[in-house]
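Residue numbers (my numbering), protein chains in the order written: chain V, -6 to 630; chain B, 7 to 216; chain F, 14 to 484.
One or more hints might be untrue.
Stated by the list, open to error - Straight line, CA to CA, 30 angstroms or less: simulated DSS-like cross-link-like pairs of lysine-lysine:
no.: 1; chain 1: F; residue 1: LYS454; chain 2: V; residue 2: LYS595
no.: 2; chain 1: V; residue 1: LYS595; chain 2: F; residue 2: LYS440
no.: 3; chain 1: V; residue 1: LYS580; chain 2: V; residue 2: LYS303
no.: 4; chain 1: F; residue 1: LYS107; chain 2: V; residue 2: LYS603
no.: 5; chain 1: V; residue 1: LYS580; chain 2: F; residue 2: LYS434
no.: 6; chain 1: V; residue 1: LYS603; chain 2: F; residue 2: LYS454
no.: 7; chain 1: F; residue 1: LYS107; chain 2: B; residue 2: LYS185
no.: 8; chain 1: F; residue 1: LYS442; chain 2: B; residue 2: LYS185
no.: 9; chain 1: F; residue 1: LYS431; chain 2: V; residue 2: LYS584
no.: 10; chain 1: B; residue 1: LYS185; chain 2: F; residue 2: LYS40
no.: 11; chain 1: F; residue 1: LYS434; chain 2: V; residue 2: LYS595
no.: 12; chain 1: V; residue 1: LYS595; chain 2: F; residue 2: LYS442
no.: 13; chain 1: F; residue 1: LYS431; chain 2: V; residue 2: LYS603
no.: 14; chain 1: V; residue 1: LYS603; chain 2: F; residue 2: LYS440
no.: 15; chain 1: F; residue 1: LYS454; chain 2: F; residue 2: LYS354
As the list claims (entries may be wrong) - Computed footprint of chain F on chain B; a stretch qualifies when at least three of its residues, placed anywhere within it, have a C-beta under 8 angstroms from a C-beta of chain F:
no.: 16; region: 7 to 21
no.: 17; region: 106 to 120
no.: 18; region: 165 to 176
Please keep in mind that the hints were generated in silico from the structure rather than gathered at the bench. Cβ coordinates follow ideal geometry from the N, Cα and C atoms, glycine included.
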Amino acid sequence: MEIALLFLPLIASITSGFFGKFIGDRSSEIITSFFVSISALLSLILFYQVIVNNYENNVVVASWINSGSLNVNWSIKVDALSSVMLVVVTLVSALVHIYSIGYMSHDPHKPRFMAYLSLFTFAMLTLVTSDNFLQLFFGWEGVGLCSYFLIGFWFKKDSANAAAIKAFVVNRVGDFGLVLGIFLIFHLFGTVNYSEVFQQIPQIIDKDLLFLGIHIEAIDLICILLFIGAMGKSAQIFLHTWLPDAMEGPTPVSALIHAATMVTAGVFLVVRCSPIFEYSPLTLNIITVVGMTTAFFAATVALVQTDIKKIIAYSTCSQLGYMFFAAGVGAYNVAMFHLFTHAFFKALLFLGSGSIIHSFKDEQNINQMGAVYKKLPYTWILMIVGTLALTGFPFLSGFYSKDAIIEFAYLKGNTAGYYAAGVGVFTALLTSIYSWRLIFKTFHGTYNNNKMKIEEIHESPIVMLVPLILLAIGAIFAGFLFKDLFISHESANHFWGDSIKFLKPLNSDHPPLWIILITPTLVLLSIPVAYYLFIKNKELPNQFSQSNRPLYNFLVNKWYFDELYNIVFIQSSKKIGLFFWKTVDIKIIDKFGPDGVSSLIKNLSLRASKFQSGFIYQYAFMILIGLSALLTFLILY
Amino acid sequence: MLAHAIFFYIFSFIAIVSAIMVTVSKNTVHSVFFLILDFISISCLFIMIGAEFLGMIMLIVYVGAVAVLFLFVVMMLNVAQQKNQWFSARESSKHIPIGLIISVIIFFELIIVIGGWKYKPDLMPAVSLTMDKEISNTHALGNILYTDYIHIFQLSGMVLLVAMIGAIVLTFRQRSGVKRQSYFSQISRERSDAVEIINVESNKGVKFDD
Amino acid sequence: MINLNFISAEIFISVSIMFLLILGVFKKNSSSLIHNLSIGLLLITGILILNNYPDKSLTFFANSYIIDTLSSLMKIFTVIGGALVLSISKKYLKISNIFLIEYPILILCSILGMMVMISSNDLIVFYIGLELQSLALYVLASFNRDQLKSSESGLKYFVLSALSSGLLLYGCSLIYGFSESTNFNIIGNALKSTHYGLTFGIVFILVGLAFKISAVPFHMWAPDVYEGSPTSVTLFFATVPKVAALTVFIRFLYVPFINMIDQWQPIIIFLSIASMIFGAIAAIGQNNLKRLVAYSSIGHIGYTLAGLSVATNEGIQASIIYISIYMVMNLGLFSCLFMMKRNDQFFETIEDLSGLSKNHPILSLSFLVILFSLAGIPPLAGFFAKFYIFKSVIEQSMYFLAIVGLLSTVIAAFYYLKIIKVIYFDKEKEKYDTDHSTWLKVSLAISTLLILLYFIFPSKIVEIVSSVTII
């Protein structure tokens, strides 16, 4: 079952990718969707078994590397953690596959698109089912590669290519950290298999390392390096710049990769390595701070964006920040829970926005929309469901997970925890405001699009709506149904078992009532505020932005991260590159290296030919010279 | 022994001087004569160490055959003309300094070797060789030439064969239109082939076929 | 009574030579018959050698003639090489008007000389064999006597070879003077001191031998002779005598001079490095394919010498494998050259190859395979040949030699690739004739396949050669 689960997407991808021309567009769509759906069903069954029977298994598919002490297998590890990820990945993937049939209906390269999607699914599955760091890294790079393909799917668009390259390059920074982390792990433990590494962790707690001239505890260094990898993939602050640009890809891709699955790989990595992170309080604090900052930063930026997908992208960034600070305060299960619920409502939001974009014929600016809720009733309702879930409206999924994060952060009891809880509450408010801004600007108010008439707007086809409805069901009920399983105090031992390690049992105190109530209250209050700001009195936000120009610009330009990177890294590295190319390579290396050597040899060759004069006496003389040279050499030698 | 030594040095001196003269002499005919002189003195040296067969063979083969052949060849060529060609090469003059250096180097290096030889104590003196006076030189040579060295002897034959084939291949030309004497047809000619008796009728004459 | 079985091949070939000579003289217009007969007789000789393949070394004629695995193996290479050369050059000889009975007979004579050289265990026997083969080669080089270039090359070869023989003989006399014997084994036991005289003897002999295999700086004759001689003779020069000379080299270095390794090792390394570099560099400027082959053979000899210089059995075996693969590659290359014929005229410059691939795709493909292999590109046979050499060199930690070898491989690859570029990417020319003899086609196909498929059965060859242990 596990093998089928893992390899069906691969088979689908190969079929569609290599034989797509022969079997036709429609067949490749059906095959990929069908295979991935089966995969999703299998993972649901697996998930059920894990819940009921505490099923655990490690299927070794093949031995990969067997060299010295390095023994690495291709394996499928099934436990609570990976089963949750399996469900998220395959379910969202299957729905996105189906949705893509509708969304990509006008695209000439459907088989290629479906092949990439399935290949991505396969890579993501290898990532989550790995039982060692190397296979994890394989999956990690695999999803990065597929992400590159998919962002740059419309490769004729320059911006798409640039975005794809940006995503790849920024991820490289994170991957470098991850690779170093894996190297360090192998160096210290002589193995990269999870179980063996985790067992040996307590032995190296007090070990010091000299890294870049700094004495640092080995465990801290490992954790920081791994976390840098996670930051890259999960678009945390400093390495987040690729995520908004990645919205150049088709919207289903954004839903699948940049909302539900790939970007959560970082969170998964941290949770998977909880047995390591638990021993490094320093890193946990760093994670908390980074996560909190990202959550806040992304939410503020989302407030002023006008591109519908970028708003959701920043929202994703922000929610990922929540997950990280949940992990940072030691509540890994809560992080997983938020990952789980977030997958539903964020995929819903993305696919919903895709539906809107589809209806508006590829218009993404929310200022160009409005007043279409009657034209797109299903999309409107579904988007509202997604928004409610995201903002944490009581009893929808986001409510349970986000509140739990804030509570656990508060219960952590240290400065970082309190601070995080505070920022979490404030960010929740911001989230609510920008989410409702999106809804109001898109569906309500006045119709602002001059390119097409309002009459031409029509609802998306059923094949696109069905996945949305399914996701909406998930967004509504996932939190309520699974909260006991994921985050109740028993679940830490019962459901999660060995897959997550808690050094100290989670704080079982009940947080004060006000902290439970404050978030929902703020969220509820924000709805009318948003309505007032963006529908009733549109001048107010404008006036506000006019009067606070610097702040507004600061936010619109995303805290000037891109500009800063441009100056610090891109321009300078371009200059260095130019220097090395024009001066070092062409003028020095080429001149004395390849070009110099080749002209030298040409010269020598000419001389050697000339040397061959054709006169016998010269030839004889040459023999004698050779003889005397050898004799002299031997006498002196 | 004194006479022996004196003659040895006389013949050696003649051999060396004539060898030098072979190369130095500008007249090719003189060179060949010096070569003959060289051969003769060397054969004398052979005879002095008791190798009378080798000495005689030397005289017969080299002086009697090879050198005389050389002489013929040299005399058939235009010596005067060649002289100019061979010794007035413009190119070679610039090689002379390097050539001198190289030859001096090799010369001194060979002196080192000879110097080593002189101090080699266990070199066998020639007089200590015991010679069986009963067996003649020719006999002794034949004894080993046809036993221990039979294969070399035969192979030398092959070498000569190849030399012969080579000489024929490179020089022999079948020329057409050359009138040759055919001994066979000359001898086997019968009266009946050559003479025909015809009765000539008066006032008619004879008509020949060819 | 000695057992003549083991030298039956030599006896047989001598008798054949005389028989063929008599037959040729008395039967008119028998060139073709003699040619075919000589091929057959060579093959029979090969079978005779194979039949009496020794499992240990045996000596004859007062220890002056040796039959061991090395000699038998190399004789088989020689004989087969000779037969192949004869079989593919028939048409060429006919067209060049040199289809005479003496041609195959001279080849047989020179092969007899090589066999004697290969088996010699004595300075005199060695020298007689050497002269026998060289004498035949001089004549062969100037065989096309009506052509100025051919005569010139024969003369050059003769004069320079005489000089080298003189040096060789001088070395032999020095060695004899010090060891009081001409027998290799006795010399080997006697040569222990580091006296200059001995060293000089070795140097003189090595110089003479290096001339025969055209190692730098004693190579000057090779390009001129290769270019001037008839192509079939060039092929013979480039393949068969190298095998014999290499064997003699092995024999000299590892039997009589084994105790003088400190003296000769730097010489061999020097010869090897100089040959590799010079062969690679000088070939770049060549336009005539035959001249280019001459330089490439100089380079390849450098690699075989590198194998000899390491003084291990592995090195010797690597050299033997190298020379045999080299022989196959050259046979293939010359088969291609023989196919470059238009209206009974042969072409031999690189320009004549331009655009060959458009008109003759299969011939071009063979060219490609052979040239790639000569350049040492995996997985072709030439790569393995070089690989064995470098392996044995590196095993003895002679890194400098290995690095120089690798660098010169890179340089050499340039001119091989240049030819391929001309064949595949330049403007096409007129078509060549396609009426090639079956033998030529078969030989090209076999050599190409051998090169191409060598990687399937490398262990077989290595196994055969590994029976050769000298040290």
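For each hint, the structure was consulted:
no.	hint	verdict
1	F:LYS454 - V:LYS595	violated, 36 angstroms
2	V:LYS595 - F:LYS440	holds, 24 angstroms
3	V:LYS580 - V:LYS303	violated, 45 angstroms
4	F:LYS107 - V:LYS603	violated, 34 angstroms
5	V:LYS580 - F:LYS434	holds, 28 angstroms
6	V:LYS603 - F:LYS454	violated, 37 angstroms
7	F:LYS107 - B:LYS185	holds, 29 angstroms
8	F:LYS442 - B:LYS185	violated, 50 angstroms
9	F:LYS431 - V:LYS584	holds, 22 angstroms
10	B:LYS185 - F:LYS40	holds, 23 angstroms
11	F:LYS434 - V:LYS595	holds, 18 angstroms
12	V:LYS595 - F:LYS442	holds, 27 angstroms
13	F:LYS431 - V:LYS603	holds, 21 angstroms
14	V:LYS603 - F:LYS440	holds, 29 angstroms
15	F:LYS454 - F:LYS354	holds, 14 angstroms
16	7 to 21	violated (count 0)
17	106 to 120	holds (count 4)
18	165 to 176	holds (count 9)
Taken one by one, the earlier hints fail for this structure at numbers 1, 3, 4, 6, 8, 16, listed in ascending order.
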